[in-house]
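So the protein lines, in turn, are chains A and B.
At position 329 of the first sequence (counting the first as 1) the number is 329 in this note's numbering, and the numbers step up by one without a gap.
Numbers given in this note's numbering equal positions in the second sequence, counted from 1, plus 1000.
Read the hints as simulated data drawn from the structure, not as lab findings.
Remember, predicted model here, so these are calculated numbers, not experimental data.
The reader is advised that the hints may include incorrect statements.
[To be verified] Listed next, the stretches of chain A that the computed footprint assigns to chain B, with coverage defined by at least 3 CB atoms under 8 Å from CB atoms of chain B: (1) 428-442; (2) 658-668.
[What the hints assert, rightly or not] In the SDA-like style, the derived pairs of lysine to any residue whose C-alpha atoms are separated by at most 25 Å in a straight line are: (3) A:Lys-412 <-> B:Asn-1105; (4) A:Lys-51 <-> A:Asn-374; (5) B:Lys-1064 <-> A:Lys-186; (6) A:Lys-331 <-> A:Asp-442; (7) A:Lys-441 <-> B:Leu-1212; (8) B:Lys-1041 <-> B:Gln-1028; (9) A:Lys-331 <-> B:Ser-1040; (10) A:Lys-441 <-> B:Asn-1105; (11) B:Lys-1064 <-> A:Trp-151; (12) A:Lys-441 <-> B:Gly-1096; (13) A:Lys-331 <-> B:Arg-1058; (14) A:Lys-720 <-> B:Ser-1176; (15) A:Lys-441 <-> B:Arg-1058; (16) A:Lys-441 <-> B:Tyr-1019; (17) A:Lys-16 <-> A:Lys-331; (18) A:Lys-186 <-> B:Arg-1058; (19) A:Lys-331 <-> B:Leu-1025; (20) B:Lys-1222 <-> A:Asp-442; (21) A:Lys-186 <-> A:Trp-332; (22) A:Lys-186 <-> B:Ser-1040; (23) A:Lys-441 <-> B:Ser-1040.
We put the beta carbon where it would ideally sit given N, CA and C, even for glycine.
So the chains spell out like this:
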Amino acid sequence: MKIDKTLLDEIALSEKEYEKIVELMGRSPNHLELGLFGSMWSEHCGYKHSKHLIKTLPSQSSRVLSESGQENAGAIDIGDGYAVVFKVESHNHPSAVEPFQGAATGVGGIVRDILAMGARPIAILNSLRFGPPGASQTDHIFNGVVDGISWYGNCLGIPNVGGEIYFDHCYEDNPLVNALCVGLVKADNIASSSAKSVGNTVLLVGAETGRDGIHGASGLASRNLDSEQEMRPTVQVGNPFLEKLLIEGCLEALETGHVEGIQDCGAAGLTSSTVEAASKAGLGITIDTSKVPAREEGMTPYEIMLSESQERMILFVRPEYVSEISLIFTKWGMYATDIGEVIQSPQIVISDGTNDVAQIPIQYLTDAPSYSTNTSLAKLDSNKNTLHRPAPILSPQDTLVSLLSSQNIGSKESVYQKYDSQVQTNTLIGPQHSAAVLRIKDTTRMISLSIDCNSRYCFLDPYIGSQIAVAEACRNVSCTGATPIALTDCLNFANPERPEIYLQLEQSISGMGVAAQIFDTPIVSGNASLYNQSDSCEIYPTPIVGCLGLMPNSINPCKSGFVDINSDVFILGTDTIHCDSQSLSGSEYYSVMHHSTTGTPFIDLELEFKVQALCRDLISQNLILSAHDCSEGGLAVSLAESCSIGNIGFKSSDFIFDDWEADLFGETQSRIVVSCHSTKSQTLIEIAQKASVPIIHIGSTTQDSFQLGNSINSNIITIKDAWQSALP
Amino acid sequence: MLFGVIVFPGTWSDTDCHYAIQDVLGFQAEYVWHEETNLSKFDCLILPGGFSYGDYLRTGSIAKLSPIIQSLSAHINSGKLVIGICNGFQILCECGFLPGALLRNDCLEFRCVQTHLKVETSNNPFINLCNVNDVLEIPISHGEGNYYADPETIGLLEKNNQIAFRYSSPNGEINSNYNPNGSINNIAGILNSSGNVLGMMPHPERSCEALLGSDDGSLIFKSISQWISQQN
């Protein structure tokens, strides 16, 4: 076989890496073997640039039953004998190339990760990033992604309970599609992803294997997004009906207690699922590719081993139980095929039915090289950190209306009503609130979920921006009354081989780790998606953070909208209505009004922690009616949203806003707007003082006015119409 | 009194129906696999929501070929009760147990929203605990819920009091502003001519607990139970 740069490029290996492989093997690998190395050593599977950084993140607490990297997803003990499993994963490049199928199979992939933990998927959330509306491809990508998620998720009967959607120029060529799935499993029944013991049958269940998605992990996910038109065949095609059957079949099979190990076939298909399972058991595996049910004739062992056909799982079963397990899949109308065996010798041996066609020690494949980039060469642009304050171009009131009707702040209802948010009848709070809340049947618990990241802050300062991402995800969960107990993250960055980007990655992970420690929320699962850039633009560093919260079902979970008129409205976390100039750093206000993103974001994590604890305390004592954090768009937008959701007005005290831009639209962190019955105001103030959290009374709710000091005098209809007009 | 909840491959409201009927309302319910042909022990069969067979080809068209359908036909002919919810309604129409068909929503998109349903007739096994003109709050979740039948059929349905529910405002006004999918005459649910089969697009099993926003859907399951206990 001739090894040249074109071939290596096709499987995304460098010449150096090839030399290392030859050295390890003591011979030249054949084409198939090289393909296995290419996918297992890809950035996507091997985490070459991120694994040593990710290792530094806090991953343990007394609730953690399985932590990052050990299993397919993190598992958290929620009490009453149950565990929650959750993970967020990206499907960015496939969605750029083929939005509908890319996003759909992104949902499918993360659902199988959760299934591989033996858990029933109970909720999906998404974090999506697109170019500005109206840009050449945005509408095509946006509509395709939303429709793909709707099509696949709805068919599975898993509620889509929320998420976030943002638009920015930096995502124009390279959208982000991150999907988070949550599963529920009895704590004693968490499944293992290990091949477990010698002699186990390797059972491939679900769909037939086709030629789709070959080189998805190495070729598409692990390099920049150039000349994408040629990449379409690397995107997989989903079949949600089959995935639904796969869920039911696998859960029924696991119920028998005869499945020793289970793995999803995700990136790099059969290769990574079998190699990883063997590696976890310290054993080897044989695969006979001629036994794999194929979608078309004449598929080579190379194509079969690297296909990323969807809706497939691998089960490790003692031979005596294979027929019992196979019957379950027959009932659900699916294949369950014996394709190999777990062996003592720690290597993967692939046969085409006649001859052995590949043989590699497992460890060679799992020990992908680890790289750091020399960050001392990073060229830093510190100009962006000087806050630029151009003169305002609209009045405060027109500015508010303009912000409310902008795509990032405006209501996303038109998207969320395309998703079934209620199936499984656990959704107590669905999309459009700070965070979702689900009850857990047969327990005394409720969980809350949020997914967040303001990437403008991360662009200005990856360290602080990532701390804010963690703080905001936890804050949103705290606004429902739930205590944050764990995080999952998806690190979306550009090309890590560039010093500037690698530095972003380093700083971001470091900031996230510090914040996670303070909130006592271990990062139990995650995914890194690098090379998110095209020839013409690179994305902002976008470390998406998903937060899981827990609360007893005796608590009345809190929503974001105002509930009643004549309620008192307070801000927790500050004793002044004013914000300093710095609060406009990276603000939505400057982005919308002036297309400008400058300054230095700031957060006081100690204050943040206290504010969140206070908010939860007030909710658990039934003292407040609503809670909504101040994030993009600042105080004015937060109030307008609470009014629009609740269909209730607001009138502030007689404030004079000297610097109305900062006061109304500054994004000072650690602020939560709450409302309460006026009879409870005094108690609320006393509790806040006792907790040493600053608090300020800012006004009260009204029938239909919307009035803010000397700056804004409008009404709820104008406000709500603006907020609802953002997306068609 | 026993409810049977029919499970096709791809059905997903089966567990929601079972939970609402048994755990929330305290009636007895059993799952029935679509290959089952002996249905004699069930008083009322539920065809729940979901995507039976992925709804490939056309909603309900493959479910129609399931072994259970013949027995379901006998169950209906014997006067026993059947309620089809969402995909179940689509299957009942596809099988010819109810007239008409469910087309794609006129917005051409999936819709999961809270809706209000005006009760049009209550003298039947399914809605007898309600009064005509009552308004129930029950959500929809479908891409193809746009009820259609030819004018003659619609005329007969209207004349024979076979319209069970119409989409309405919270106060019971019926006009296109409150029609989420383009259904003719805002039709959300219909009865067969004998009155023992109900098909409806909204999901009553999702509104059986105040915790979930509404418990109006429980009136349907309670009505069924009451009607059957009065028969026995």
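Next item on the list: Provide an ascending list of the numbers of those earlier hints which the structure does not satisfy.
Entry: 2, 5, 6, 10, 12, 15, 17, 18, 19, 22, 23
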